[in-house]
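Enquirer: Okay, here's what each chain looks like letter by letter:
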Amino acid sequence: MSEQTATYGFMEPQSPPKTARKPFFKLLFGDLLSATLSAVTVLLLLALIPAFNWAVLDAHWTVRSPSDCQSGGACWAFIGAKARLILFGLYPPSEQWRAVLVILLIVGMILVSLSPKLWNARLLAVWGVAVGAMLILMGGGVAGLPPVPTSKWGGLPVTLMLAVLSLGLAFPLAVLLALGRRGRLPIPRAVSIFTIELVRGLPLVGLLFVAAILLPLLLPPGWTIDKLGRTLAALTIFAAAYLAEVIRGGLQGLDEGQIEAAEALGIPYWKMIWHIVLPQAIQNVIPPLTNTAIVMVKNTSLVLIVGVFDMLSAARSATTDPAWPAPSTEAYLFVASIYFVICFGIAIYSRYLERGVAARTHG
Amino acid sequence: MTGPAIELHNVDKFFGDFQALKGITFSVDESERVVICGPSGSGKSTLIRCINKLEAHDGGTITVSGIRLDDDLRNLDAIRRDAGMVFQHFNLFPHLTVLENCALPQILSRGTKRDAAESTAADYLDRVRILDQANKYPGQISGGQKQRAAIARALCMEPKIMLFDEPTSALDPEMIQEVLDVMTELAKAGMTMIVVTHEMGFARMVADRVVYMEQGSIVEIATPKQFFEKPKDSRTRRFLSSIELAFTQSDRLSARTATGVTD
Numbered sequence: 001m002s003e004q005t006a007t008y009g010f011m012e013p014q015s016p017p018k019t020a021r022k023p024f025f026k027l028l029f030g031d032l033l034s035a036t037l038s039a040v041t042v043l044l045l046l047a048l049i050p051a052f053n054w055a056v057l058d059a060h061w062t063v064r065s066p067s068d069c070q071s072g073g074a075c076w077a078f079i080g081a082k083a084r085l086i087l088f089g090l091y092p093p094s095e096q097w098r099a100v101l102v103i104l105l106i107v108g109m110i111l112v113s114l115s116p117k118l119w120n121a122r123l124l125a126v127w128g129v130a131v132g133a134m135l136i137l138m139g140g141g142v143a144g145l146p147p148v149p150t151s152k153w154g155g156l157p158v159t160l161m162l163a164v165l166s167l168g169l170a171f172p173l174a175v176l177l178a179l180g181r182r183g184r185l186p187i188p189r190a191v192s193i194f195t196i197e198l199v200r201g202l203p204l205v206g207l208l209f210v211a212a213i214l215l216p217l218l219l220p221p222g223w224t225i226d227k228l229g230r231t232l233a234a235l236t237i238f239a240a241a242y243l244a245e246v247i248r249g250g251l252q253g254l255d256e257g258q259i260e261a262a263e264a265l266g267i268p269y270w271k272m273i274w275h276i277v278l279p280q281a282i283q284n285v286i287p288p289l290t291n292t293a294i295v296m297v298k299n300t301s302l303v304l305i306v307g308v309f310d311m312l313s314a315a316r317s318a319t320t321d322p323a324w325p326a327p328s329t330e331a332y333l334f335v336a337s338i339y340f341v342i343c344f345g346i347a348i349y350s351r352y353l354e355r356g357v358a359a360r361t362h363g
Numbered sequence: 001m002t003g004p005a006i007e008l009h010n011v012d013k014f015f016g017d018f019q020a021l022k023g024i025t026f027s028v029d030e031s032e033r034v035v036i037c038g039p040s041g042s043g044k045s046t047l048i049r050c051i052n053k054l055e056a057h058d059g060g061t062i063t064v065s066g067i068r069l070d071d072d073l074r075n076l077d078a079i080r081r082d083a084g085m086v087f088q089h090f091n092l093f094p095h096l097t098v099l100e101n102c103a104l105p106q107i108l109s110r111g112t113k114r115d116a117a118e119s120t121a122a123d124y125l126d127r128v129r130i131l132d133q134a135n136k137y138p139g140q141i142s143g144g145q146k147q148r149a150a151i152a153r154a155l156c157m158e159p160k161i162m163l164f165d166e167p168t169s170a171l172d173p174e175m176i177q178e179v180l181d182v183m184t185e186l187a188k189a190g191m192t193m194i195v196v197t198h199e200m201g202f203a204r205m206v207a208d209r210v211v212y213m214e215q216g217s218i219v220e221i222a223t224p225k226q227f228f229e230k231p232k233d234s235r236t237r238r239f240l241s242s243i244e245l246a247f248t249q250s251d252r253l254s255a256r257t258a259t260g261v262t263d
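So the protein lines, in turn, are chains A and B.
Numbered per the working numbering, the first sequence spans residues 1 to 363.
Numbered per the working numbering, the second sequence spans residues 1 to 263.
The hints are all genuine.
Computed from the model, here is a short list of chain A residues facing chain B with C-beta under 7 Å:
1. Gly-257
2. Glu-260
3. Ala-261
4. Ala-264
5. Leu-265
6. Gly-266
7. Ile-267
8. Lys-271
9. Ile-276
10. Pro-279
11. Gln-280
12. Arg-360
13. Thr-361
Per label pair, the in silico range of CB-to-CB distance:
14. A:Arg-184 with B:Asp-12: 19 to 29 Å
15. A:Asp-255 with B:Lys-188: 30 to 40 Å
16. A:Phe-340 with B:Gly-139: 31 to 41 Å
17. B:Gln-215 with A:Ser-113: 55 to 65 Å
18. B:Ala-170 with A:Trp-127: 35 to 45 Å
19. B:Gly-41 with A:Asp-255: 14 to 24 Å
Please keep in mind that the hints were generated in silico from the structure rather than gathered at the bench.
Even glycine gets a Cβ: it sits at the ideal position worked out from N, Cα and C.
Could you put together the complete structure from these sequences and hints?
Expert: As structure tokens, then:
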């Protein structure tokens, strides 16, 4: 480490460029490449003017009646009027504070879980309690909360819960599948390979149909599992198959000497897996894990085809209000921006994790 | 203590059709230091790895501290508790700090409380003189420091026997001595040690006996004095003159003292 700082210290005096700063015009049009780039940029900016006009200058931010939105620009007033429907779906308006609490609870739990230093059994227990609290808050029926059936759940809380729960439940399943597939025991190995390949071979839409529509027909009468629960199960098994292969990649990259050292120290098998093998396997595959997590967040929107009311379905149904003239662009842009914030957040977080790994391994 | 610390009787080991160990029989007494040497592929690493069953032997018997190494997992646990191991490539856990590397195995294997485990870890890191590196990660320290940390990690389990599998072979030359010094101190403290190494200087100064292996068999077992001054077997003499050739080009003091004797 000291060697590195010494090198950088030595390099420093040489690093400021000796050439004088180019004049601004020359910088933009000095040679063919920069001239071309500048021209393309200008054209792009020109092309964006109508979009800017539509979204900002000509936009209707507040209106007295929906018909005021007839002319030209974006009708952001529509989002204001329909925000509750898009964010909470058909959840009873008088109870929507509960949905807000669930969103805050999920976001809060994610924020407190960010630092890897806090990842321990206690945090896992806190998550268990938090998920229980979310389900009680959303479902009600206890402590004087009026019951709300899952068919009335909708919007952002459903999207967030499906994403967090499917990934959270899929992860331990994926670890078992990956270990099973890597292991020497023939039956777990066969079961793992069969599950992973079967689930990966099916489109998610097909899996959702099986879970939401076919499964209730196949189950004996009297057996009912909630549709939202079945949808969550389908998303979970789908995520698990993909995560399992990512984690398997991480396991393959692990040095055999790590396991030998743990064995020689007498560390029991499952403790070795938990404390020595998995942390290293997972930190080796942060980029593909991030990829799968982002894809799964967006995959939750596919539940709309089996009639689960997530944020995208809620936005779609909001646009069908005949009182408002053609507001679908605004509605989809609004939903897209929420998805973008979530997915970009995951991407930034994964870069933070990778920097931590790099700092440990390279000093 | 009844009987030797380690006893091998007629041990065979196969990798497929290849026989890596051929009827190995020898024993190590308590507090004895044995150095195993031989050309690469002679089976010396395989032999030491059979003692704590990182490799399972195929024939013969291995007994450690009076416990027979067999398919009984309780026996294996007991043997691994008694025998610490140091690897050529250190095998420190890269995601844990040096201190955690030494503390966590105590917690996981023995259920030691964290405070006690960390204080034991600090004691041994101090003994190998890298307590100041305790909060760094293995990727942030030198090879010599890594190997000393690995020795401290093994010592934290309070083993009766230490197995060293080429502990200095992956080190830059200038870092070898600091590791050998720690091993010499350990020997002086009365630890039972089996060391697979090419460091003939260490063998000469520290070993009670030297075992020379070739092609999966023990060729010669002798005291260092006999081994370096009057090797009985022609194969031993050939090995010693070949490493002498290699070392005459090196200006390392330990190498000169080791091979100078065979002239």
